[in-house]
Structure formats: C-alpha cells, structure tokens
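Peer 1: Sequence:
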Amino acid sequence: MGSLIGWPIAFFAGLRKREKRQLLPELARWIAALFGIALLVLLFTLVSLITDNLPAFGVPRLYFENPPSLGLLMAIPPVMVILAGLMALFMLISWVRRFWTAAARIHYTLLTLSAAALIWALIYWKMLF
4 MGSLIGWPIA
14 FFAGLRKREK
24 RQLLPELARW
34 IAALFGIALL
44 VLLFTLVSLI
54 TDNLPAFGVP
64 RLYFENPPSL
74 GLLMAIPPVM
84 VILAGLMALF
94 MLISWVRRFW
104 TAAARIHYTL
114 LTLSAAALIW
124 ALIYWKMLF
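Numbers 4 to 132, taken from the working numbering, label the letters of the sequence shown in order.
Derived by calculation from the structure, the hints in this document are not laboratory data.
As the structure is a computational prediction, the values presented were derived from the model and not from experiment.
Be careful, since some hints might not be right.
Listed next, with one range per pair, are the computed distances between beta-carbon atoms [stated by the list, open to error]:
no., residue 1, residue 2, range
1, Leu73, Arg108, 30 to 40 Å
2, Pro63, Arg108, 20 to 30 Å
3, Ile109, Lys20, 38 to 48 Å
4, Ala16, Leu116, 25 to 35 Å
5, Phe60, Trp98, 45 to 55 Å
6, Lys20, Leu75, 33 to 43 Å
Think of the CB as a built atom: it goes at the ideal place given N, C-alpha and C, for glycine as much as any other residue.
Kindly produce the complete structure, drawing on both the sequences and the hints.
Peer 2: Shown next, in the form of structure tokens:
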C-alpha cells in the first residue's frame, strides 16, 4: 500500500522539480503500481460478489446465476500474471543495472516475490489456469 501512495507522490514531485528520469525504472514502478491496483479491483469485485445475497434464500446470488461482474473478476487474474512477469523481468534488470539504491531494489524484490505468491494462490484457488 505504501508503494501505491509513495511512488505517485515521488513521481509528481520529480515532475515538479523537473528531474530527468530514466524510462525503465519509472516503467518498473508503474508496472508494480498497476499490479497493486489490479489486486484491489480483484478483491473489491470478489467481496461485492460474495456479499450480494438473495433475500429469499440468504445465500450469495452467485450460487444461482452468473452476475455480470463475474466476467470482470475472471478477466483480472490473467492480466495480473502478465504484470507479475514484467515485475520479475524488471526486478532482474534493476539488480543488473543498479537502477535504485540497494534498499529500493530489495523493496522491489519483495514486491515481486509477494506478487508471485499471490499468483500461486490464484492458481491454487482455481481462479487462474
């Protein structure tokens, strides 16, 4: 969550200072931010599907019909796989080219590992593949 808030603030602060920025490190940050946004959309969609109860039966509407938001829910995980793969690629590039400080590279590595763990969880729960 800190990355979703801190990186855009740092980006716009850099624009204000008119700092020259490299393309690949900025792209790596935006890919990670997009992964986080996709995760939030996935979670909010899943919660909205589960909490949409039929009053007559007291169970989620999902038991009896396919709501329209189910299509959105199932379209997000493949996008997250692509973003997680790009994060892994940028993680390797960041260590080879030393984009950021060591602490920032470790932070990005931990974000990438958490993205990989989430992808594994989606595969385990049959939401992917």
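Peer 1: If you test the structure against every hint from before, which numbers come out violated?
Peer 2: As far as the earlier hints go, 2 and 3 are violated by this structure, in ascending order.
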